[in-house]
Amino acid sequence: MKILTIALFSFKELVRKKDFYLLFLLLAGLLAFLFSESFFGVSDIIRYLKDIGLSAVLFLSIAIALPFSSRQLPAEIESKTIYPLLSKPISRASVVIGKYLGSLLISFGGFTLFYAVFLLAIIVKGGQIGVLFMQTYLFSLLLLAILCAFSLFFSIFLTISANITITLFLYILTYWFSAQIKLLLLSKDLNAAAGALLNGAYYLIPHFEFYDLRVRLVHNWEALPAQVVFSIILYTVIYIAAILFFAVRAFKKKNL
Amino acid sequence: MDTILDVSNLVVRYGKGRDQKTAVDSLSFSLRKGEIYGFLGSNGAGKTTTIKSLIGILTPSSGSILFYGKPASAISRRSLGFMPETATYYWYLTPKELLFFYGKLCGIDKRTLSNRTEKLLDLVKLSRHKNSYLKTFSKGMLQKVSFAQALINDPEILILDEPTTGLDPIARMEMRDALLDFKDAGKTIFFSSHELSEVEMISDRVSIIKNGKMLREAAPGELINDKGERLSLEKYFFDLVKE
Amino acid sequence: MKAVLVFAIFIFSTIGLSSNIEKYNTGFLEKKGYRDFDKDVLSRVFGELRTYLSSASYINADIYFHGGLYDFHEDCSLFAPAHISSNYEREDGDHNNSHPQKKMLNPLLEIAEKISITQHKHAIGGEEKELLPWMLYSVKLNPKNEKAYIIGGYWLGMRLNKLNEAINFLHEGIKNNPESWEIYLMLGEIYLVTLKDYQNARIYLEKAKDLAKSKKADKFDLRSIYTFLAEAYDKTGYPKESVDLYEKLLKLFPGDEMIKKREIFFKHANM
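Protein chains in written order, with our numbering: chain F, 1 to 256; chain R, 257 to 499; chain X, 500 to 770.
Errors might be hidden in some of the hints.
Said to hold, decoys possible - Partial pick of chain X residues on the chain F-facing surface, computed with a CB cut under 8 Å:
no.: 1; residue: G566
no.: 2; residue: G567
no.: 3; residue: L607
no.: 4; residue: I610
no.: 5; residue: A611
no.: 6; residue: I616
no.: 7; residue: K628
no.: 8; residue: L635
no.: 9; residue: K661
no.: 10; residue: I763
Read the hints as simulated data drawn from the structure, not as lab findings. Cβ atoms here follow ideal geometry from the backbone N, Cα and C, with glycine treated the same way.
My request is simple: use the sequences and hints to build the entire structure.
Here it is in structure tokens:
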């Protein structure tokens, strides 16, 4: 209940801050521009709208999620609101979990609104909304959830700007790194020791590529089977739980 | 009088190795139920560190802090109200929402919270501004909000760090009167302040610390120097701290 | 926050696209001798960034053609009618980057394999229209991007039946790239094959021939021009010129059976 209280009150910040509305207007403007574009008099061109629209939705959602989640704890400490907060009968663990949930609410709320506008644009343009759109929505939420977890964890040690930069770099680099390890693991010439090491590394690094369904969605490939979807959800939950575990431990030891 | 808070050989150290600094050095004192206890010291004496240890933000390096004979924990914080030195709060909330927020964290039900919020805002004379965002508040108004939030859970012990900072003379007087009223209601108040005259006016006992060590603890009327002269708190403090 | 956002956009675009863009740029532009666009103010202000973005748009069209995957193989270009197959069919040989079958010991690896798209498909049955935005953006960003004009013109004129748009697009390409024989060739091809306007086809193909000669185009480029031009000559009552062109081609490709057959065909037609 206390965790939920912290989460809900953090959400008020999103609603009352102007950044969100600015980004929303930016997205609406971009979609309107894309919608109005005419290409040699050919109608029903929709993939570019899906591609650019979805990329914009994801980018802007991350632009909301990362700054908010990276600011939750440092802002409390910097402004010293952490003292009256921790003077109440609430544990540090509850504060961390509550702030994380608040970040999730903020990220999910922003993304859902952006995605709704994106879907509307697709429908009006004549596109079909199928299972893959739902999967994309779900996976994007999972991506935001894991990014928020990382950001919250890093916020215990780093400044806000360093945190955002590191999290973004992690997001970009693990895409490449994950692909390289995968190629090595699938190659035939790999000794047992190297294989074990690479397998371990493959378990440890976050697999952001799991959540990227843009190619499937834009180019009308088939939806993912249910088993794969559940596996990825399970993976995400376990990974986030691990990050939060370490975040709580670190915050408990932090000298305020 | 019952002992409500017992601090025994409290030591708080910061840093490691050569850079280690002892902020509080074997500090011992106790609070009796229903008393107003003034905690004095110059800047950097260790007052805020002591207070942070009392409310559980800092883990002491050694020593013990007992509330009603039991170690400090989340449970004991239910009967504790804290007013920090710096009154900064969430700019995007109104004072009413802020009190609601803290009240919910203390586990207070909605109806009680609603009544109590109105009363507290009335007490600190902020009822007119209850729906204004905190970002529009002056320093003095924020200090009043800070005081109100410390009282939201109707605490047994009030710990106040520089409670009258930023308040105008009238507001200071109202704060002093409020503290005396709380004392009459059986609350215990522990506060630090640089306003020695105010401390002398309302405190039952005071302690003076320097470099983290307790120099003296006595009732304001019992402050006698080596020569046997009874001194004002201000004079006594300056003489003691300068030594 | 704004500085971080701008920085993030920059990082995303350069890291994500830099290797592909560099490969395309050095390969194509150096070959054509293009190094500067000093008449364009925006190019002077933004420099290579415009050409990079233009190249990125062109590459994106290629990606769209291949169902979201980018293939570096030249034989799988946007001109690949010979490779057209139904959607979702596997392509042969080195066309695909499928992995050898290997037992997955790592469940995460299994998930990664299941979600990745390893075989591409070609856009067919009207889906080619999805490439058009990227072609248009490509030339808007860099009017000197000849390839975008050529490919865009091809899809509009030869596959999407947008003949007026194709011709206008290619004329714009000529205006911005007056020395480009490839654009003239594409125009000629559209007039010849789709519009059956042999007069205009001859005019544009002759221009393509003249420009290609002055630019010292290779024999494979000349083959394309000569074969189409020969056809146009034949249709417009210049059979002797058709035969001449095929004789030139035989000199370039001695022993080529197809060219021999066509040369004999035109010789007989001329008799």
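Cross-check of the supplied hints:
no.: 1; hint: G566; in the structure: 5 Å, holds
no.: 2; hint: G567; in the structure: 4 Å, holds
no.: 3; hint: L607; in the structure: 6 Å, holds
no.: 4; hint: I610; in the structure: 5 Å, holds
no.: 5; hint: A611; in the structure: 6 Å, holds
no.: 6; hint: I616; in the structure: 6 Å, holds
no.: 7; hint: K628; in the structure: 5 Å, holds
no.: 8; hint: L635; in the structure: 6 Å, holds
no.: 9; hint: K661; in the structure: 5 Å, holds
no.: 10; hint: I763; in the structure: 41 Å, violated
When held up to the earlier numbered hints, the structure conflicts with hint 10 and nothing else.
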